[in-house]
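Student: Put the two chains together into one complex, using the hints given.
If you read the protein sequences in the order shown, they are chains A and B. The first sequence begins at 1 in this note's numbering and counts up one residue at a time. The second sequence begins at 1001 in this note's numbering and counts up one residue at a time.
Quick caveat, the hints were computed from the structure, so don't treat them as lab data. Virtual Cβ for every residue (Gly too), placed ideally from N, Cα, C. Some clues are possibly wrong.
[Unchecked claim] Partner residues are not named here, just some residues of chain A that face chain B (Cβ under 8 Å, in silico):
| no. | residue |
| --- | --- |
| 1 | THR52 |
| 2 | ARG71 |
| 3 | LEU73 |
| 4 | LEU77 |
| 5 | PRO83 |
| 6 | SER85 |
| 7 | TYR88 |
| 8 | PRO89 |
| 9 | HIS101 |
| 10 | GLY106 |
[Claimed, not checked] The following residues of chain A were derived to be distant from chain B, with all beta-carbon distances above 12 Å:
| no. | residue |
| --- | --- |
| 11 | GLY60 |
| 12 | PHE158 |
| 13 | ALA197 |
| 14 | ASN210 |
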Amino acid sequence: MSASGIEARGLAKAYAEVRALEALDLAVPSGVVLGFLGPNGAGKTTAIRMLTTVLKPDAGTFTVAGIPHTRPLEIRLRVGVLPESAGYPERQSGEEFLRYHARLFGHTRESARETARSLLAETGLAERAGSAIGGYSRGMRQRLGIARALVNEPAVVFLDEPTLGLDPSGQRQMLGLIRQIADARGATVVLSTHLLAEVEEVCGRVVILNRGRVVADGTVAEIARRAGAPRQGRLQVPPEATAEALEALRGRGIQAAENSKPGQLDLALRADNADDDVRAALGALLDAHIPVLGLELEGGRLSDAFLAMTERG
Amino acid sequence: MTAIALSPPRRAWLSVARQELRDLWLGGRALGLLLAFSLLLSAMTYLTATNSLLNFLEQRESANLTLQIGVAVGALLVLLTTADAISGERERGTLESLLLAPVHRVDLVAGKGISALSIWLAAFAIATPYVWFLGRGVGIVGVALAAGFAVGTLLALFLAGLGLLVSSLSRSNRVSLSASLFLLLALFAPTQLPAGAQQGWAGDLFIRIDPFSAGLHYLGKVVVDGHSTGQDISWLASPIIAAIAAVLLALSAARFVTLRGGGPS
Chain A
1 MSASGIEARG LAKAYAEVRA LEALDLAVPS GVVLGFLGPN GAGKTTAIRM LTTVLKPDAG
61 TFTVAGIPHT RPLEIRLRVG VLPESAGYPE RQSGEEFLRY HARLFGHTRE SARETARSLL
121 AETGLAERAG SAIGGYSRGM RQRLGIARAL VNEPAVVFLD EPTLGLDPSG QRQMLGLIRQ
181 IADARGATVV LSTHLLAEVE EVCGRVVILN RGRVVADGTV AEIARRAGAP RQGRLQVPPE
241 ATAEALEALR GRGIQAAENS KPGQLDLALR ADNADDDVRA ALGALLDAHI PVLGLELEGG
301 RLSDAFLAMT ERG
Chain B
1001 MTAIALSPPR RAWLSVARQE LRDLWLGGRA LGLLLAFSLL LSAMTYLTAT NSLLNFLEQR
1061 ESANLTLQIG VAVGALLVLL TTADAISGER ERGTLESLLL APVHRVDLVA GKGISALSIW
1121 LAAFAIATPY VWFLGRGVGI VGVALAAGFA VGTLLALFLA GLGLLVSSLS RSNRVSLSAS
1181 LFLLLALFAP TQLPAGAQQG WAGDLFIRID PFSAGLHYLG KVVVDGHSTG QDISWLASPI
1241 IAAIAAVLLA LSAARFVTLR GGGPS
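Just chain B, same shape as in the assembly (with noise of 0.2 Å):
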């Protein structure tokens, strides 16, 4: 055996990303993630497009209907995949391994979160051609991209921060995926609110401090009303926020990867 020189590895948080991009391509999780998420953008486009050709909806609703769809939807199989991230490993038992290493645990939290947003990369990718497809003549598509990409991106950070944060504090699997949804659907529901629910000073600020509602808001703006993407920037500051807050949270709540979970050990 080559002689090694005993020093912590620099990078750590590349080694521990590349393998974990391994596990969730080669492994297949991703693949059959994406694989669901293809099927129902498939399905959303057929029925806008239909609808579209009815006039029952306008050709930049679809394209927009479509990409908050891809958006929020990528944007979930980043949480799904951060919140088995910590908790995942600790329930199958191969997390003391990795404790065992000489390695900082924020360095096992990056690269663990790194590899769970190359699928918001890949959902990005794959809702681009559906997108184009609604959006175009219209000449909205390079917008409503560059937008959703910006939008997805700050979600997608979130929501690996979040679920990275419940994973690590979580004792079993199971109470971090439940947890990590139920988080969710709070954050959706505010999309879900009636129209009359959404007007007025209180409405407004109700949607601008949800990321989600937020987020989808901006799109709206920028794809269907026409926008330039700098006039409505401020629906952004609740995104932006959202995610460095998640992300630092996430961060610094690595100390917590412990072996049984639910704090410090």
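One chain only, chain A, in its complex shape (with noise of 0.2 Å):
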């Protein structure tokens, strides 16, 4: 593994008597798009944290961009964070909050100064930099967040939850922004959400948490094949021919069945092998000269993917 990625082995804590996390084994190339999910109390932002050096492991080991945990210092000058729910200083403008934290990283005050700009400007925020954050909408906050997180140029990012309370193009417009941070900066990217379908689009890779546990890491392909999540195909024929194409295709050894609607059969398709049902389908159709109006292909994608591992426990 590249050495400015993410490697964990066995991290684990609990709160009281809860087990937040249970023998973390992370792996992560450096440069990559990780989706980071699982479902509420799964234990992303404590793993999040951990990394971050903000809570102590209770068990286990971690390097982040190469430097191990027992260097929580050095770890925090090569990561940038956009916390859960961050809270921001009402009172200060966005340039003043960036300024700080530029200097908290080092930066001599020209530069901080030069690092806020850009990062305001990046982010969109140039135009409100000198206005109180207490005035700032919630993407606008998010924004900031990401400009703070960005004040060091991080090798390794961690993103949680940006798009929490994000209207939907508020939602387009940050994930817009992590494509920005992963293509231009080529920094390793964890983010942290519920929003599936995006993280279909940005993410590389994916690693689901379920119970302080991860359930599957691999590729969204790899894991919505290995969930064996299912799929299912609809066709529509004419509806006078909908009795001999579901002869046609029980010859073949498709399951199908007719659909409340004139014309439409559902097919069960298998997990593993869909691609070759749905040529089967067509083939079988086609040989019995009934023609295909039209194919809809539902399921296999990484939301069905996520309730099966998640819902198994």
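Tutor: So, in structure tokens, the structure goes:
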């Protein structure tokens, strides 16, 4: 694994009687955008807080950007974090807030000012740089939080629920910004979110946590396949050919059923071989000279895998 | 963006103190507290001055009373500020961002403490003309102000340490403020004991042990009795010890500055 990614072994954390994380093993190569998924209470935020040295693990070891957990100050120098539900000093301006944090990361006064202005421009906040944060909208605060996470040009960026509470347009903007961080800066990005469709779009890799354990780790396609996420197909044929089409499909061993809509047939596809099943169904209908008026495929997406894996517990 | 040096800041406490000073003074919080302080001193000065004119209070006693109130309330303002320093950040959700910076937690605590002490300096500056007005003409103004500054600084350091310690350990701001004020009232209690209870070796020991009582007693000796500042210096032993101990405790408890409070996490 590249030295600038994340590697964790056996990370565990408990709060009193509650085990937040149990033996987390993680290996994230550098430059990857990782979707860090799981239901509420799965341990995502605890894991992020441990990897960013805000919380001490009860057990386990980790390295971030090649730096072992025994050197927390150095890890903090190399990571950028947007914490979950981060608060902001209401009376400070956006620029003042960023300048202060840049100073805490070792910037000189001049470079702190320059960095703050550049990041405000990058996150689309330049026009409100001098306004008090108290007057910022939720989306602006999240963008300011991302700007703060970038003051040290981090090798690894942790974004904990960056789209929480944002409207659809704000969510799109935020995901665009995340893509920009990954592309332009080449940083490893750990994105904790519940927006699974966006994870499919942005993330090269996905880790799913459930009850403090990793239940899946791989690409979106690998996870969907591994989870055996059910897929369904829907074929549209002329209504008068419905019975004939059903017979042709069943003749090829394909499970099909008539839908309530005339001429519509539901196909049950095998999770691990859905493409072959679709091909066979189309072949059967074409061989029987039944025109196919439409084909829709459903399921087999990350959301199905997520539900299958997290409900399984 | 310019290339940055990836090394922790050398004097992070200074950056923290600067920002805290800006927040405290430009944010208006300190000004509000000092306005209330000024009103209190004005009322006290009016009352002591009129009593002095009617010969109910000797002029030295008037100056001493106002000085003692200036010192005690000035130090109390420091306590109020530090009690909110860490637990307030925790409650407002701004602590995590600070904990993510590559600075030692002791730097955060020290910076916040230094900033809070500025309130004491401002309170003392405000109290100075009142003491001058009440003490002028009897040759005690200079010595009263010097002794008041020394005692007030020790008590402010003591309360800054105490406030930071409680704030670091408290899970909520309400708990921090309540615990700090309770401790303050406990410390003030001996000053309110009847004269009889302050007599004898036990009473003397009780007052000497309590930093507040000892410090204010020292001021009385210097301003009212006209003793030299060195003559009763032993009365400053407990304020000095308390200031050093509280500051050291607050700095060593900096490792308990965690997201949840209440101890290490």
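Student: Please verify that hint: A/LEU77, Cβ, nearest Cβ of chain B, below 8 Å or not.
Tutor: At 4 Å from the nearest chain B Cβ, A/LEU77 passes the 8 Å test, so the hint holds.
Student: Can we confirm that no CB of chain B comes within 12 Å of the CB of A/ALA197?
Tutor: holds, 28 Å
Student: Take a quick look at A/GLY60 and tell me if its Cβ sits farther than 12 Å from every Cβ on chain B, holds or violated.
Tutor: Nearest chain B Cβ is 15 Å from A/GLY60, so the label holds.
Student: Is it correct that the beta-carbon of A/PHE158 has no partner in chain B closer than or equal to 12 Å?
Tutor: violated, 9 Å
Student: With chain B as the partner, please determine if A/SER85 meets the hint condition of a C-beta pair closer than 8 Å.
Tutor: At 6 Å from the nearest chain B Cβ, A/SER85 passes the 8 Å test, so the hint holds.
Student: Should the hint that A/LEU73 touches chain B count as held when the rule is a Cβ pair under 8 Å?
Tutor: Status holds, d = 5 Å.
Student: So, A/GLY106 near chain B? Judge it on the closest CB pair being under 8 Å.
Tutor: holds, 5 Å
Student: Tell me if A/ARG71 is really an interface residue toward chain B, meaning its C-beta lies closer than 8 Å to one of theirs.
Tutor: violated, 10 Å
Student: Holds or violated: is there a CB of chain B closer than 8 Å to the CB of A/TYR88?
Tutor: holds, 7 Å
Student: A cut-off of 12 Å on Cβ-Cβ distance, and A/ASN210 was said to be off the interface with chain B. Does that hold?
Tutor: Holds, since 23 Å exceeds 12 Å.
Student: Is the interface hint for A/THR52 satisfied, with its Cβ closer than 8 Å to some Cβ of chain B?
Tutor: holds, 6 Å
Student: Holds or violated: is there a CB of chain B closer than 8 Å to the CB of A/PRO83?
Tutor: holds, 4 Å
Violation of the numbered hints given earlier is confined to hints 2, 12; the remaining hints are satisfied by the structure.
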